[in-house]
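Those sequence lines, one after another, are chains A and B. Letter by letter, the first sequence follows residues 1 to 746 in UniProt numbering. Letter by letter, the second sequence follows residues 1 to 346 in UniProt numbering.
Fair warning: there could be bad hints in the mix.
[As the list claims (entries may be wrong)] In the DSS-like style, the derived pairs of lysine-lysine whose C-alpha atoms are separated by at most 27 Å in a straight line are:
(1) A/K36 with B/K42
(2) A/K77 with B/K106
(3) A/K36 with A/K590
(4) A/K102 with A/K162
(5) B/K106 with B/K38
Note that these hints are calculated values from the structure, not bench results.
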Amino acid sequence: MNRHHKMDSADRQNRLDGMAQGLIGTDVPRPDGMAKATGTATYAAEERREGMLHGVLVRATVPGGRVADVDTDALAKALGDDVTVITDARLLQVPAQGTDGKAPPQGPDLVHYVGQPLALVVAPSFEVARHGARLLGIRYEGGEEGHFDPEDDATPTELRDKKTVDIGDLDAAMAKAAHSVDAVWRTPGHVSAAMEPHAAVAWWEGEHLTVRSALQMLKFNRDELADALGIPAENVRLLAPFVGGGFGSKLGISHEAVGAAIAARQLGRPVRVVLSRQQVFEAVMRRSETRQHLRLCADEEGRLTGIGHDCLVSNLPGQDFAEPVIQGSRFAYAAPNRHLSLRLARVNRTCAGSVRAPGEAVGLTALENAMDELAEAIGIDPVELRLRNVPEEDPTDGKPFSSMMMAEVLREGARRFDWQRRNPIPALRREGDPRREWLRGMGMSLLVRGNILDEAEARVRLLPAEDGAPVRAEVETDMTDIGTGSYAVLSQIAAEMLGLPMERVTTRLGDSALPPSPGSGGSWGAGSSGSSVYLACLELRTRLARALGCDEGELTLRDGQATGGNHSRPLAELLDGGTIEAVGHIEPGKTAKERRQATYGAQFAEVEVSRHTGEVRVRRMLGVFAAGRILNSRTARSQCLGGMTFGIGMALSEELEHDPRDGHLVNRDFAGYHIPVNADVPQLEVHLMEERDPWANPMQSKGIGELGICGAAAAITNAIHNATGARVRDYPATPDRVLAAMAVAN
Amino acid sequence: MNPFAYHRARDEQDATATAADDGTSFVAGATNLVDLMKLGVKTPGRLVDITRIEGLDRIERTDDGGLRIGTLVTNSDLAADPVVRRDYPVLSRAILAGASGQLRNKATTGGNLLQHPRCPYFQDLAMPCNMREPGSGCAAQGGPMRLHAILGTSAACIAAHPGDMGVAMGVLDAAVETARPGQEGRSLSLEELYRLPGERPDIRTVLEPGEMIRAVVLPPPPGGTHVYRKVRDRASYAFALVSTAVVLRLEDGYIQAGRIALGGVAPRPWRNPHAEEAMTGEPPSEALFDRVANILLAEAVDRSALGRDGAPGFKIDLARRTIRAALWQAVERSEGGAGKTAGEAA
Chain A
1 MNRHHKMDSA DRQNRLDGMA QGLIGTDVPR PDGMAKATGT ATYAAEERRE
51 GMLHGVLVRA TVPGGRVADV DTDALAKALG DDVTVITDAR LLQVPAQGTD
101 GKAPPQGPDL VHYVGQPLAL VVAPSFEVAR HGARLLGIRY EGGEEGHFDP
151 EDDATPTELR DKKTVDIGDL DAAMAKAAHS VDAVWRTPGH VSAAMEPHAA
201 VAWWEGEHLT VRSALQMLKF NRDELADALG IPAENVRLLA PFVGGGFGSK
251 LGISHEAVGA AIAARQLGRP VRVVLSRQQV FEAVMRRSET RQHLRLCADE
301 EGRLTGIGHD CLVSNLPGQD FAEPVIQGSR FAYAAPNRHL SLRLARVNRT
351 CAGSVRAPGE AVGLTALENA MDELAEAIGI DPVELRLRNV PEEDPTDGKP
401 FSSMMMAEVL REGARRFDWQ RRNPIPALRR EGDPRREWLR GMGMSLLVRG
451 NILDEAEARV RLLPAEDGAP VRAEVETDMT DIGTGSYAVL SQIAAEMLGL
501 PMERVTTRLG DSALPPSPGS GGSWGAGSSG SSVYLACLEL RTRLARALGC
551 DEGELTLRDG QATGGNHSRP LAELLDGGTI EAVGHIEPGK TAKERRQATY
601 GAQFAEVEVS RHTGEVRVRR MLGVFAAGRI LNSRTARSQC LGGMTFGIGM
651 ALSEELEHDP RDGHLVNRDF AGYHIPVNAD VPQLEVHLME ERDPWANPMQ
701 SKGIGELGIC GAAAAITNAI HNATGARVRD YPATPDRVLA AMAVAN
Chain B
1 MNPFAYHRAR DEQDATATAA DDGTSFVAGA TNLVDLMKLG VKTPGRLVDI
51 TRIEGLDRIE RTDDGGLRIG TLVTNSDLAA DPVVRRDYPV LSRAILAGAS
101 GQLRNKATTG GNLLQHPRCP YFQDLAMPCN MREPGSGCAA QGGPMRLHAI
151 LGTSAACIAA HPGDMGVAMG VLDAAVETAR PGQEGRSLSL EELYRLPGER
201 PDIRTVLEPG EMIRAVVLPP PPGGTHVYRK VRDRASYAFA LVSTAVVLRL
251 EDGYIQAGRI ALGGVAPRPW RNPHAEEAMT GEPPSEALFD RVANILLAEA
301 VDRSALGRDG APGFKIDLAR RTIRAALWQA VERSEGGAGK TAGEAA
């Protein structure tokens, strides 16, 4: 028997609150933590198979044209017959976009960007394969023209008109507004920078292919890989039990899995392909750079009368994905006149796709900078400005909010940070002594991120006592744990619902043979997969209640003991030596369309800026977050810490640099692409607020994974302004840009 | 990677004789060379490993009261040495401003001085680079460079010496002591050691085939206040946009002697005696420090083209500001003020 539930109406039962084990919401540690800390949790590149060969991808060194000739003479002379060169037409041009479920563009004979993989060189060892890859002679034809700068007038662009929001008359509102802001912000490209580089080991047994890889969404990835290879999906099995970070970069099937599968088939042996860090940078998805024109206008009291957010992003020709910059601006603030638009430039740069919180991560950042400028123009406190513009309903489509904590996070954050100590006059203008080099400033920002529920299934099994040991449970789904804590959270939900201690629940993930989930992405993982586990457990509870002789609603399960209807018996007795199992199946329904569901946060930062060199140091940062029920306070907090750290990187140092002549990525490693290091990250404080969202899912939880990054950078750049009077509108705020902005401001 | 032979040298004579052959490289800490071999940028046919040679890992007093630092002394050991910390603090601070703890544990004194520039065009085999392949061109000019040199460059190359340790050694008047195959070694100042790129940026030093750095010799302690100021794109673990090593002796409100070396802006640690003479006998002032900066940067040319901003030239202004900030910091410390630096505060 299975339990299916479609989310067509609000669920206000808050059943998890009535459970007795007392685990939900607590800071249960990851059950996989010890294995990861001790290195016994192996990752894809560590998979070893008998007779395994090693493949290294060869990169395009030009941004266009076609491959006229692949010369293997030098390679054959140096390395002999041990080396195979694969130029199969099924090799990918770019990885699949998240949730595509079908093959991305294929065919390595056409070149679209520098770094595109064109061939796979396979050898008995990695070193020989890498050497061979360098000896391959590739001759190109054509490809002289290309577009490398999204803002160049000659670069073709297209308006994504389905995204356009045009309500009221923004121009008129701007013209007669008491206060307004009208400026352009730019954010550079970003990479996910997951610690584990992309890797795949593929092997065939007859017509059946197994690939151990680093992937976020197995259900979609299996279809993508099968489609790319031209084989039935049921012949493909994907394994990704441990994934060393994703942040969007492993949403879709990528070069290494397809290459390894083709080579393994052709050579009849297992093949491993691992991308180098440089290849991860240039052949996997980047976040598009953005140009954001913001217009805000308000009346005398600081009530917004208009919001304009017109953006330019880029992608390769033919790619549908356009960084959804304006997503958060649709509903963040009330304002009767609105104009939001998104334009996509076609450039020959590495493919753009999802990188942690596509849309809001960069869109909210610029919006929150503009709000800070508006608060200054009006002469009111930035927190107060935001509180005056809390929307009562989605201001773009009029939908009611499901549950909404915007005002609460702002007030709580301001209180905890001691925001009232902030002097609105920038320190540089107050500070008389020019010998005092370091100027302090405080800034804040609002964070919003839409919430999504996706279809998911999970199987939960209750197994009888063995040798006197208590009953235990198994949870199975193809959900992945990309470092987020899926193992912990799903075990925790099952343990809570079934009244078992954590150590009596085992969760198996990352195997496409298990019930399908939407995987890890879009912050929907815990809510979607968790709901399917919850439903499976609800079904098991119903059966246990029947065995005990009571209604499920009366049943209390705790520490392996079932109580209800004047009965109390150990679970082991109820099972009577048998195993019971159920599949839970959650489907999104009307609540997704009837309510605007979103998560909220407020971040506060204090920085010091050198008046001489423009260096910025973040001294403290605090975030308050509301995302429905918090399932595990430890893993939720970690997600927020990660988002805040991403925010520091976005604010101060992260930037993909492209050569203007051929679009190639110049900084392709962690020496050149500056993610924050320990010295950049001060004490970070995270506070999670109590909330239940009955419209989100039967657990009343919302996705928290990406919330922390959505606008975080703005708290820091707003603090830079409070220190120096400078408005850095070109991210990141490196010393040179801070100095340039200070020169403009003072 | 390319196949290569490996030779573990028994002693200096063995090392220099073996390394005199074409296509041979010395290797010690291997923190830079092996990275470049993995990238295919360096393809030596043979490595001569000098790490087992006895006696090269010592720090000793010299007869004149200076310090002799063996080439195999690791960056971590050198930075932590009590005599260095007391008498040459600018050296400790410079070393600790560079790389990471793990790298400093492996990186050696001689290897640090000879490390390659971190120019991304040098590291990318698909890009023309005169340092990697003489005559192929310099793609870095016209690229979005931030780690480029603005002094001592040529039309052929704008790569900067990336190190921190060398900048402090430069301000301390250090000399390298070499061993050569078949003849006596020699002593070279850092200015003598490094060649400017001119038309042959691939020849980075005057070291002859087989010639090996055996030690760095510091003259007696210069006294005064020591400051190392490094400005970079994040708080740690990044190469300098600009760095400055300052040794300043201030008495009764007058500068008795001032020395300053720049890092991250030239193919070698950069000093200019005229800038230092200008300080002697003067009271510190904005005007004086501006003059010092002007002398140091008089020949500066910025050949980068920052893609998006279209505003090349941030580096000359940033260098000027860093010079002033470091000099004021030295003055404040001499006067007993806090004068905290970004690096230390972080």
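Hint check results:
{"no.": "1", "hint": "A/K36 with B/K42", "in the structure": "violated, 35 Å"}
{"no.": "2", "hint": "A/K77 with B/K106", "in the structure": "violated, 37 Å"}
{"no.": "3", "hint": "A/K36 with A/K590", "in the structure": "violated, 40 Å"}
{"no.": "4", "hint": "A/K102 with A/K162", "in the structure": "holds, 23 Å"}
{"no.": "5", "hint": "B/K106 with B/K38", "in the structure": "holds, 18 Å"}
In summary, the numbered hints that this structure violates are 1, 2 and 3.
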